[in-house]
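Q: Residue numbers (the working numbering), protein chains in the order written: chain E, 1 to 453; chain Z, 1 to 335; chain V, 1 to 374.
Warning: the hint list may mix true and false statements.
Anything over 12 Å on all C-beta distances counts as not near chain E; from chain Z, calculated [what the hints assert, rightly or not]:
(1) Leu70
(2) Ser130
(3) Ile314
Result set (DSBU-like, lysine-lysine): computed pairs, CA atoms no more than 35 Å apart in a straight line [unchecked claim]:
(4) V/Lys287 to Z/Lys100
(5) V/Lys293 to Z/Lys33
(6) Z/Lys33 to Z/Lys100
Derived coverage of chain Z by chain V (criterion: at least 3 residues anywhere in the stretch with Cβ under 8 Å from a Cβ of chain V; other residues may be distant) [unchecked claim]:
(7) 43-50
(8) 295-302
(9) 316-330
Hints were generated in silico from the structure; no laboratory data involved. Built from N, CA and C at the ideal position, the CB exists for glycine as well.
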Amino acid sequence: MSVREFAMPDLGEGLTESELVSWEVAVGDTVELNQVIAEVETAKALVQLPSPWAGTVTRLLVEPGIVVRVGSPIVAIEVADAAGPVPAQPPARNAVLVGYGPPVEGGERPQRRSRTALLERHEGPSAAPEPAAESEAAVVAEPGRAVAGPAAELGARRAERPRSTPPVRKLAADRGVRLELVRGSGERGTITRDDVLRSAAEAATSTAPPRTDTGVGRSTPPDETRVPVTGVRRRTAEAMVASAFTAPQATVFLTVDATPTVELLDRLRARRREGARPGLLSVVAKALCVAVARTPEMNARWDEAAGEIVRWRTVNLGIAAATDRGLVVPTVPRANELDVDAIADAIASLSESARAGATTPEALRGGTITISNVGVFGVDAGTPILVPGQAAILAVGALSRRPWEHRGEIALRSVLTLSLSFDHRVVDGQQAATFLADIGAILAEPGVVLTML
Amino acid sequence: MTALTLAKAITLGLRRSLEADDRVVLLGEDIGKLGGVFRVTDGLQADFGVRRVIDAPLAESAIVGTAVGLAFRGFRPVCEIQFDGFIYPGFDQIVAQVAKLHYRTAGAVRMPITIRVPFGGGIGAVEHHSESPEAYFTHTSGLRVVSCSNPQDAYAMVRQAIASDDPVLFFEPKRRYWATGEVDEEAVAPPLGSARVVRQGADVTLVAYGPLVATALDAALAAVEDGISVEVVDLRSLSPVDFDTVEASVRATGRLVVVHEAQHFGGLGAEVASTITERCFFHLEAPPVRVTGFDTPYPAAKLERHFLPDLDRILDAVDRVMGRANSLSALEVTA
Amino acid sequence: MLRSLDQLDPSTPMSAPGSLLQLLSPDGRRVPDPELEPWVADVDPAALAALYDDLSVIRRLDVEATALQRQGELGLWPPLLGQEAAQVGSARALRADDFVFTSYRENGVAYCRGVSIAQLLPVWRGTALSGWNPYDVGMATPAVIIGAQTLHATGYALGCAIEGVDSAAVAYFGDGATSQGDVSEAMVFAASFAAPVVFFCQNNHWAISEPVGLQATRPIADRAPAFGIPSMRVDGNDVLAVMAATRIALERARRGGGPTFIEAVTYRMGPHTTSDDPGRYVDPDEKAEWAAKDPIDRLERHLDDLGLLTDGLRRSVQRSTDAAAAELRRACLALPDPAALSVFDHVYAEPHSGLDRQRAEYSAYLDLFDGSDS
Numbered sequence: 001m002s003v004r005e006f007a008m009p010d011l012g013e014g015l016t017e018s019e020l021v022s023w024e025v026a027v028g029d030t031v032e033l034n035q036v037i038a039e040v041e042t043a044k045a046l047v048q049l050p051s052p053w054a055g056t057v058t059r060l061l062v063e064p065g066i067v068v069r070v071g072s073p074i075v076a077i078e079v080a081d082a083a084g085p086v087p088a089q090p091p092a093r094n095a096v097l098v099g100y101g102p103p104v105e106g107g108e109r110p111q112r113r114s115r116t117a118l119l120e121r122h123e124g125p126s127a128a129p130e131p132a133a134e135s136e137a138a139v140v141a142e143p144g145r146a147v148a149g150p151a152a153e154l155g156a157r158r159a160e161r162p163r164s165t166p167p168v169r170k171l172a173a174d175r176g177v178r179l180e181l182v183r184g185s186g187e188r189g190t191i192t193r194d195d196v197l198r199s200a201a202e203a204a205t206s207t208a209p210p211r212t213d214t215g216v217g218r219s220t221p222p223d224e225t226r227v228p229v230t231g232v233r234r235r236t237a238e239a240m241v242a243s244a245f246t247a248p249q250a251t252v253f254l255t256v257d258a259t260p261t262v263e264l265l266d267r268l269r270a271r272r273r274e275g276a277r278p279g280l281l282s283v284v285a286k287a288l289c290v291a292v293a294r295t296p297e298m299n300a301r302w303d304e305a306a307g308e309i310v311r312w313r314t315v316n317l318g319i320a321a322a323t324d325r326g327l328v329v330p331t332v333p334r335a336n337e338l339d340v341d342a343i344a345d346a347i348a349s350l351s352e353s354a355r356a357g358a359t360t361p362e363a364l365r366g367g368t369i370t371i372s373n374v375g376v377f378g379v380d381a382g383t384p385i386l387v388p389g390q391a392a393i394l395a396v397g398a399l400s401r402r403p404w405e406h407r408g409e410i411a412l413r414s415v416l417t418l419s420l421s422f423d424h425r426v427v428d429g430q431q432a433a434t435f436l437a438d439i440g441a442i443l444a445e446p447g448v449v450l451t452m453l
Numbered sequence: 001m002t003a004l005t006l007a008k009a010i011t012l013g014l015r016r017s018l019e020a021d022d023r024v025v026l027l028g029e030d031i032g033k034l035g036g037v038f039r040v041t042d043g044l045q046a047d048f049g050v051r052r053v054i055d056a057p058l059a060e061s062a063i064v065g066t067a068v069g070l071a072f073r074g075f076r077p078v079c080e081i082q083f084d085g086f087i088y089p090g091f092d093q094i095v096a097q098v099a100k101l102h103y104r105t106a107g108a109v110r111m112p113i114t115i116r117v118p119f120g121g122g123i124g125a126v127e128h129h130s131e132s133p134e135a136y137f138t139h140t141s142g143l144r145v146v147s148c149s150n151p152q153d154a155y156a157m158v159r160q161a162i163a164s165d166d167p168v169l170f171f172e173p174k175r176r177y178w179a180t181g182e183v184d185e186e187a188v189a190p191p192l193g194s195a196r197v198v199r200q201g202a203d204v205t206l207v208a209y210g211p212l213v214a215t216a217l218d219a220a221l222a223a224v225e226d227g228i229s230v231e232v233v234d235l236r237s238l239s240p241v242d243f244d245t246v247e248a249s250v251r252a253t254g255r256l257v258v259v260h261e262a263q264h265f266g267g268l269g270a271e272v273a274s275t276i277t278e279r280c281f282f283h284l285e286a287p288p289v290r291v292t293g294f295d296t297p298y299p300a301a302k303l304e305r306h307f308l309p310d311l312d313r314i315l316d317a318v319d320r321v322m323g324r325a326n327s328l329s330a331l332e333v334t335a
Numbered sequence: 001m002l003r004s005l006d007q008l009d010p011s012t013p014m015s016a017p018g019s020l021l022q023l024l025s026p027d028g029r030r031v032p033d034p035e036l037e038p039w040v041a042d043v044d045p046a047a048l049a050a051l052y053d054d055l056s057v058i059r060r061l062d063v064e065a066t067a068l069q070r071q072g073e074l075g076l077w078p079p080l081l082g083q084e085a086a087q088v089g090s091a092r093a094l095r096a097d098d099f100v101f102t103s104y105r106e107n108g109v110a111y112c113r114g115v116s117i118a119q120l121l122p123v124w125r126g127t128a129l130s131g132w133n134p135y136d137v138g139m140a141t142p143a144v145i146i147g148a149q150t151l152h153a154t155g156y157a158l159g160c161a162i163e164g165v166d167s168a169a170v171a172y173f174g175d176g177a178t179s180q181g182d183v184s185e186a187m188v189f190a191a192s193f194a195a196p197v198v199f200f201c202q203n204n205h206w207a208i209s210e211p212v213g214l215q216a217t218r219p220i221a222d223r224a225p226a227f228g229i230p231s232m233r234v235d236g237n238d239v240l241a242v243m244a245a246t247r248i249a250l251e252r253a254r255r256g257g258g259p260t261f262i263e264a265v266t267y268r269m270g271p272h273t274t275s276d277d278p279g280r281y282v283d284p285d286e287k288a289e290w291a292a293k294d295p296i297d298r299l300e301r302h303l304d305d306l307g308l309l310t311d312g313l314r315r316s317v318q319r320s321t322d323a324a325a326a327e328l329r330r331a332c333l334a335l336p337d338p339a340a341l342s343v344f345d346h347v348y349a350e351p352h353s354g355l356d357r358q359r360a361e362y363s364a365y366l367d368l369f370d371g372s373d374s
């Protein structure tokens with residue numbers, strides 16, 4: 001035996017409550033199935049309520065004359081538990097002419113049903129294979145054959161375009177970045193905004209002729225001149241921004257008495273009958289390569305995506321060059337394998353190309369460390385900005401005759417300042433200092449190279 | 001200001017329209033003594049008489065066709081089609097006559113007819129009483145189509161529909177007839193063709209109309225727990241659609257989810273998704289997604305909860321456009 | 001009998017205007033009608049007792065179903081209270097190879113056609129859109145759209161005529177339905193093609209709250225002759241007259257005589273459906289008048305007059321009705337809820353790619369939830 005409560009049922013006409021007019025049974029009465037147990041009032045008529053069960057009335061829960069909400073219990077009946085399905089009391093509904101009606105709003109806070117299976121499946125980065133499983137692929141099913149779920153018939157597929165989103169595609173189009181050449185760092189190889197910007201920065205030294213002016217016809221105030229930012233200048237700017245805002249950069253300075261190097265250069269030039277005559281830059285370049293061998297951390301880069309520092313054995317030495325169009329940084333490949341004469345030849349060739357605007361794209365790629373000769377502008381020192389993708393850049397200041405300590409006395413010596421900026425994620429202060437000191441030592445006394453190789 | 005159910009708000013709107021213009025007549029089955037099967041016309045025949053609140057014989061084609069004739073004579077007929085699934089006998093009169101007469105006569109003849117239709121499911125009904133046929137009518141030029149979602153709009157929009165010189169299909173969300181809300185008769189009503197942002201949010205634009213606006217708002221509330229900020233737009237007008245409002249929202253959020261009870265293929269969601277993609281392509285972070293009834297006839301009452309978009313299905317789509325784990329991403333991983 | 005049929009003239013109704021074909025008056029007395037009598041000459045005491053059992057069972061099923069609805073076990077129920085004789089009298093005239101197309105109120109016809117009590121329930125409980133295979137019992141799924149079935153019956157009948165078989169189709173519909181265009185179009189087609197169809201209109205005086213006077217300003221039976229269809233107006237609460245009229249119409253159809261229209265005049269003693277409020281529009285006096293014409297009461301009196309209303313018969317009928325009610329309740333509560341994915345079943349006869357994909361996606365979606373199906 002169990003006691004069940006009967007709730008005020010739906011009565012039609014969209015009413016949500018009804019008055020209990022009278023009871024037809026009393027506590028203790030035996031009732032039969034469908035026996036009328038109460039009368040309730042609707043808008044115009046009295047409705048009789050039949051009992052849903054046979055049993056004994058144990059409690060009348062509502063006084064006559066009380067208005068009861070649909071779904072509220074009105075009577076408790078003790079029933080014999082019969083074998084067979086128990087009629088469950090369904091949730092209260094606003095009855096309609098043609099069906100159960102919509103549920104009466106409960107007023108609880110809306111909540112999602114939990115899906116732990118989904119969350120478990122998505123722990124960690126999604127290990128999906130290439131987009132082969134995509135159901136959006138252009139699969140041609142035979143007529144009449146059901147294509148159930150994501151069917152992939154790889155043999156029949158065309159090559160897909162790179163994955164990206166519309167705003168990123170537009171950015172790439174605006175910057176002249178070809179998505180096919182970009183490695184996507186997003187889920188399933190999706191190319192992100194950062195991927196595009198990085199790609200644009202790396203190609204910042206492209207020799208594409210600057211785009212024609214987009215501001216023609218716009219009137220400018222008399223004091224103002226507008227120069228469209230395009231081509232090399234744009235790419236340089238982007239590279240600067242990318243560099244400045246990704247790598248933490250610090251600079252160390254060293255001023256050296258390079259008089260022995262200057263004297264050496266006279267002798268080196270005299271010896272060479274053909275080819276370019278080595279200049280200060282060539283010697284600094286060679287010294288740098290020697291120093292890299294001793295502090296290889298300087299010839300490296302920070303790989304964010306892989307979470308690694310990549311160190312190169314080869315030195316592809318970038319030589320920053322100022323041109324009419326702006327800054328370009330062509331590289332001397334495998335500079336570490338070249339002697340100072342070969343370096344001189346290479347630098348001369350690059351400078352000539354740069355001046356002519358004929359630097360090849362290959363020459364602009366693959367640099368691992370850079371020298372910037374700010375001295376040609378008469379500048380002593382600076383805080384050069386790293387070329388994105390490198391860990392160090394050395395600015396060579398102008399050579400000037402200055403009073404300097406020499407053999408215990410003050411003498412006029414050829415002095416210059418070296419400025420080394422480095423990526424502090426890759427290189428620590430001591431390494432940078434050691435590296436710079438080595439270069440300085442060679443310039444101060446070229447013969448010490450014999451102790452360094 | 002009074003608290004009224006959506007049904008009673010329409011009753012009030014009808015009453016005010018009958019008071020304001022004596023050319024307004026109501027025509028429909030059981031709208032007189034019974035006051036309509038949902039009691040929306042309750043009391044109106046007693047107050048305005050049998051010449052203005054007219055009980056119609058059981059014939060939808062005749063109800064609409066007779067309204068055409070009355071309109072020719074200068075009346076403003078308000079037809080009631082008792083249930084969405086019964087509109088089809090009247091379909092020919094609606095699309096071939098009501099929709100085209102203004103065009104056919106170069107504006108000489110106007111059809112200021114309002115056709116009120118309780119629509120949508122969620123009421124546990126037998127066949128033909130839970131349909132969402134709005135797409136047939138939004139696809140018909142010459143008709144305006146609207147759907148209210150709350151009592152204030154129900155009141156204001158039925159008055160505007162009746163006052164409009166164009167024919168208006170006025171879809172009433174029948175499962176929301178019992179929902180209560182404040183109705184302010186003095187409030188200035190926005191234009192009939194406008195949409196409204198009913199909840200502000202930053203991450204996703206959720207577009208709904210009629211019965212699913214309440215569900216969309218529930219979904220937005222539940223999404224707070226997931227840290228997602230959902231903006232809900234009540235379209236209100238289905239023809240024309242106020243794309244400017246939707247566009248402004250999607251330009252800010254970058255993500256669109258559209259929901260409707262009507263079947264998926266060729267539904268209004270397709271129109272909204274397509275147009276917004278055109279207008280907002282370069283602001284979209286994810287493809288627009290529609291959450292809709294399946295491409296089946298409306299099922300038996302015990303199955304309708306699967307057919308109808310609910311909070312969970314809506315939020316699954318929100319997860320999709322947010323790039324979070326969702327049922328489709330699960331499908332692709334296992335494929 | 002044959003003479004009666006040969007005398008049929010499509011341009012005049014078979015019953016005189018304003019009259020009603022009748023064999024059993026409300027107080028249970030037999031009414032002489034030489035034209036009708038031969039058609040029920042075979043209804044002997046056993047057959048009468050069987051009709052009494054049918055009427056009682058159908059009423060009891062109606063009462064029990066209404067109770068189940070009040071208890072939340074059915075979404076709705078359209079009572080046929082008061083219309084038992086119209087449905088039983090006509091349905092028991094049918095052959096197994098005939099086919100009927102009804103409205104949603106003809107649960108009595110369904111019972112007589114052999115639909116099981118359990119099969120009556122799924123539509124009202126909301127577990128399915130139909131309760132039985134139409135071909136098993138020769139009865140289409142009841143139409144919810146008013147009047148549509150009259151066209152279907154006409155088409156079916158046309159099919160029989162094309163095949164040259166003598167099966168007939170019967171369309172059941174109400175007085176409200178006669179306003180729908182489909183019904184007029186059905187009569188046009190039936191007449192033009194001499195289709196073997198019987199248009200059986202139960203004029204129960206109400207279409208929800210609209211009285212029959214709104215649908216028709218003259219007797220409904222008067223319409224059919226204008227379409228070229230002979231018509232009979234019969235007392236719908238008189239099971240014998242209904243049976244006779246239906247047999248006449250069926251015989252006419254089988255012999256290639258084309259359609260017949262029967263208006264069975266009766267009264268809807270209950271609400272339109274269980275959530276209706278007839279108190280708003282029904283005149284209690286009118287209802288009381290019709291209560292005095294109850295179809296079961298008059299048959300009881302007639303049986304009593306014949307000395308057939310024995311304790312044995314009473315007990316037997318009581319057992320029948322109790323068993324039917326118990327079976328209805330048992331079957332209702334035992335109806336299983338349909339499986340979630342069945343929402344996609346049977347949309348098409350052949351595979352449909354778009355739908356198959358939706359089904360797969362929804363299935364995957366459901367699988368992700370904790371706990372059982374949705």
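Q: Are the hints correct? Go through all of them and say.
A: Right, here's what the structure says about each hint:
{"no.": "1", "hint": "Leu70", "result": "holds, 27 Å"}
{"no.": "2", "hint": "Ser130", "result": "violated, 8 Å"}
{"no.": "3", "hint": "Ile314", "result": "violated, 10 Å"}
{"no.": "4", "hint": "V/Lys287 to Z/Lys100", "result": "violated, 47 Å"}
{"no.": "5", "hint": "V/Lys293 to Z/Lys33", "result": "holds, 26 Å"}
{"no.": "6", "hint": "Z/Lys33 to Z/Lys100", "result": "holds, 34 Å"}
{"no.": "7", "hint": "43-50", "result": "violated (count 0)"}
{"no.": "8", "hint": "295-302", "result": "holds (count 7)"}
{"no.": "9", "hint": "316-330", "result": "holds (count 4)"}
Of the numbered hints listed earlier, those contradicted by the structure are 2, 3, 4, 7.
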